[in-house]
Amino acid sequence: MASVAMDMLKAASDWLTFAFDAPFARAVVFGVNIGGHLFVEGLLVVVIIFLLSQKSYKPPKRPLTKKEIDELCDEWVPEPLIPKITDDMKYEPPALESAAGPHTLINGTEVINFASANYLGLVGHGKLLEACTRSLEKYGVGSCGPRGFYGTIDVHLDCEARIAKFLGTPDSILYSYGLSTMFSAIPAFCKKGDVIVVDEGVHWAIQNGLQLSRSTVVYFKHNDMESLRNMLEKVTQENKRAKKLRRYIVVEAVYQNSGQIAPLDEIVRLKEKYRFRVLLDESNSLGALGSTGRGLTEYCKVPVDKIDIITAAMGHALATEGGVCTGNARVIDHQYIFWAAA
Amino acid sequence: MITIPYLTALTTYFSYGLLFVFGQFRDFFRKIADWWLGSNLQGYAPICLGLEDFYTRRLYLRIQDCFGRPIASPPDSWVDLVERVSKDNNKTLQRTAKISRCLNLGSYNYLGFAAADEYCTPRVIESLKRFSPSTCSTRVDGGTTTLHNELEEVVANFVGKPAAIVFGMGYVTNSAVLPALIGKGGLIISDSLNHNSIVNGARGSGATVRVFQHNMPDHLEKVLREQIAEGQPRTHRPWKKIMVLVEGIYSMEGELCKLPEIVAICKKYRAYVYLDEAHSIGAIGKTGRGVCELLGVDTADVDILMGTFTKSFGSCGGYIAGSKELIQYMKYSCPAHLYATSISPPAAQQIISAIRVILGEDGTSRGAQKLARIRENSNFFRSELQKMGFEVLGDNDSPVMPVMLYNPAKIPAFSRECLKNQVAVVTVAFPATPLLLARARICISASHTREDLIKALEVFSKVGDLIGIKYFPAEPDKQQQDDGRVKLE
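From first to last, the protein sequence lines stand for chains L and H.
For what it's worth, the numbering used here labels the leading residue of the first sequence as 1, then goes sequentially.
For what it's worth, the numbering used here labels the leading residue of the second sequence as 1, then goes sequentially.
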């Protein structure tokens, strides 16, 4: 066995030596001495080039034929557009026959109204109705265009200035729909990658705004300052290096879902310690809290320029439609630029 | 299709390039100035990073005075514009007390209901006194009045569907209804030039979104077939439902949608059709019922009809019309119905009165006259502009006409020159339109008279020659054959 192997090896090495010593293996081409090894290397190079030029094996693609697509389209059955209507869905709310003031008419009987958010009783107030009638006769009902294209009426600008003066901020921006105030304001400031710490019990518009902004959202327990402090601590520890990271706390002044009031002085203390910006939604507190109705900042005796952004839907104490967004000087500059181009 | 001349494309790219380079220079100097003066952020992160608002700060602010012009009168055919001045090179603008009366070609006042109307306004004031400006509550919690119920019935009858639901704002109607109708596992196929509200609603719904080329039913069919055959991405399960989103009149193009073909394709492949008639309801069609009437499509074939009241009815708000079950489901699940304050009662009354005028139920033929006038006005204006050599987009009968400008410098030039001649126009650029295709958008109203339109045409001709936007050769001017025909240069 070993001797056969040895013989084969000897034969192979004899062949090799022969190849190396062959006459053409000793040629001199262009002054370069060609030894036999160059011949073998040349052969190897040819083999390599041949292999590289081969196409790699790909499993053959078989796109669907027209007939197959037709069959699939025929087979496909969509779900019905809406699920089956159950009895709960058939609920019809009662229809009011007069203004939604403290007493209202339903089906001819007078009832006491505990459902409307008419905190200051301004529904049906004579002065309001007079002012509205005057402006209806002058301006008509609609603005027939967005703010950028001849939809800005001088009363809009006057209203913004008046609200800013009332709250003590440099300027404000009006929105035409209360619900969209919060879910437009949040994406204007919070972009992808920012961190938002928000209370668990906020209402739908804020939740929707958070989703639209695509930022990282961290929840803390409803109205629990200890939980908020822990969350802020955790977020700051995790993101120590990111200086460009914008960080926000979103709270409501009076929570729509539970009725609790947020402890603003505590929140401002935490915000200044950890360098977060605060977004406060004062829909239910503007006009209702504070000795002159200026909202939670007055109630908790916090200077209003410590709160970065204040939004409010005006369909509660102010008895009208729409929303407003205001804040301190830096924030308003930015929002004006963003909003004007939007 | 818009075909941009080669030379114009080159000059437009060059202009934008120049603006970009200048903007970068100024940003660079601003960075140095900030570092020198020291930042006063006190450890807070800056609200806006460098490049996010570059376009706004360096390009938009230069021409800021062409947008957001305040008015001091109702946005009717003639409007009082408040003049503004800027002391810091257009960064901020202050109102002055001066007012100039201008011809309004920018507001969406298609049927002329913007100003106080003899039939609508007394009824609106009456309902204001009865129901007060706001109900202060959501629809389900005591914000539904008899007026709201009446409004929904009237709208459903007008549009031609069994039932309708009304919301307080048009934009929110799209953004809040799409997520309620379709969710994860569904497919949305939307036209490539759909409005921002539709795009937001589609994104917010969580469904997969695909786009088909603007107004091309063939491409829609191709996309549908491909998607049904492939199924959901990665898992290849069959789609739960497919919805196709189109608009009646596209606001930036002025074109009508090819509705009969699209509806036929959707029927064949069992997809649902959602039609957004924001600009077309009330303005086109023989009795003002929108694009379905104009193109002869049965409203029962379109699953969901959506529209807004801001444009033709001079009010505010949006509606969805569909089958009774659909509307019942919407009332149960749509967040804009459950959490938002209901539409203001005087605004609701304005819509009801406007619809009554359009249908002729107020006893006069003002509605029919208005519809005929807006059709005549749009066709006259469009044909005259095309004769003068402007590049005008859009179909016949559509009251929206974009006139192409292309170069960024022509945008403020056109706007300011027209304002000097007492004509107020709207110009749109990036990001509402593609970068190269800036345009001026003209909206015709039924309250424009023939003299108003002729004055506007004269001004446009003058300004067009000055700026150089007559991209097509003007047609040779015919001799005065018909009486009353004004000879236009």
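Treat each hint with caution, since some may be false.
[Said to hold, decoys possible] Derived DSSO-like pairs: lysine-lysine, alpha-carbon spacing no greater than 27 Å straight-line:
1) 222(H) with 258(H)
2) 98(H) with 90(L)
3) 273(L) with 240(L)
4) 268(H) with 165(L)
5) 184(H) with 165(L)
6) 420(H) with 67(L)
7) 240(L) with 221(L)
8) 98(H) with 129(H)
9) 84(L) with 267(H)
10) 184(H) with 191(L)
11) 66(L) with 98(H)
12) 84(L) with 241(H)
13) 31(H) with 192(L)
14) 127(L) with 138(L)
15) 258(H) with 66(L)
16) 306(L) with 240(L)
Note that these hints are calculated values from the structure, not bench results.
| said: Check the hint pairing residue 222(H) with residue 258(H) against an upper bound of 27 Å on the C-alpha distance. | reply: Judged against 27 Å, a Cα distance of about 16 Å means the pair holds.
| query | Taking 27 Å as the top limit, are the C-alpha atoms of residue 306(L) and residue 240(L) close enough? | reply | At roughly 24 Å apart (the allowed maximum being 27 Å), residue 240(L) and residue 306(L) satisfy the hint.
| request: Starting from residue 273(L), check that the Cα of residue 240(L) is at most 27 Å away, please. | output: The hint holds at about 14 Å.
| field | Holds or violated: residue 98(H) to residue 90(L), with C-alpha atoms at most 27 Å apart | value | Measuring from Cα to Cα gives roughly 56 Å; hence the hint is violated.
| Does residue 165(L) lie within 27 Å of residue 184(H) when you go C-alpha to C-alpha? | Roughly 46 Å between the alpha carbons, so the hint for residue 184(H) and residue 165(L) is violated.
| Taken at face value, is the distance from the CA of residue 165(L) to the CA of residue 268(H) at most 27 Å? | Distance of about 60 Å is beyond 27 Å: violated.
| residue 184(H) paired with residue 191(L) [C-alpha distance capped at 27 Å] | holds (23 Å)
| Does residue 98(H) lie within 27 Å of residue 66(L) when you go C-alpha to C-alpha? | violated (68 Å)
| Going straight from one Cα to the other, do residue 420(H) and residue 67(L) come out at no more than 27 Å? | violated (64 Å)
| Pairwise hint evaluation, residue 192(L) against residue 31(H), where the allowed Cα distance is 27 Å at most | Given pair residue 31(H), residue 192(L) holds - Cα atoms ~24 Å apart, limit 27 Å.
| Is the Cα-Cα distance between residue 258(H) and residue 66(L) 27 Å or less? | Roughly 25 Å between the alpha carbons, so the hint for residue 258(H) and residue 66(L) holds.
| request: Quickly compare the C-alpha distance for residue 84(L) and residue 267(H) to 27 Å and report which way the hint goes. | output: holds (22 Å)
Of the numbered hints stated above, those contradicted by the structure are hints 2, 4, 5, 6, 8 and 11, listed in ascending order.
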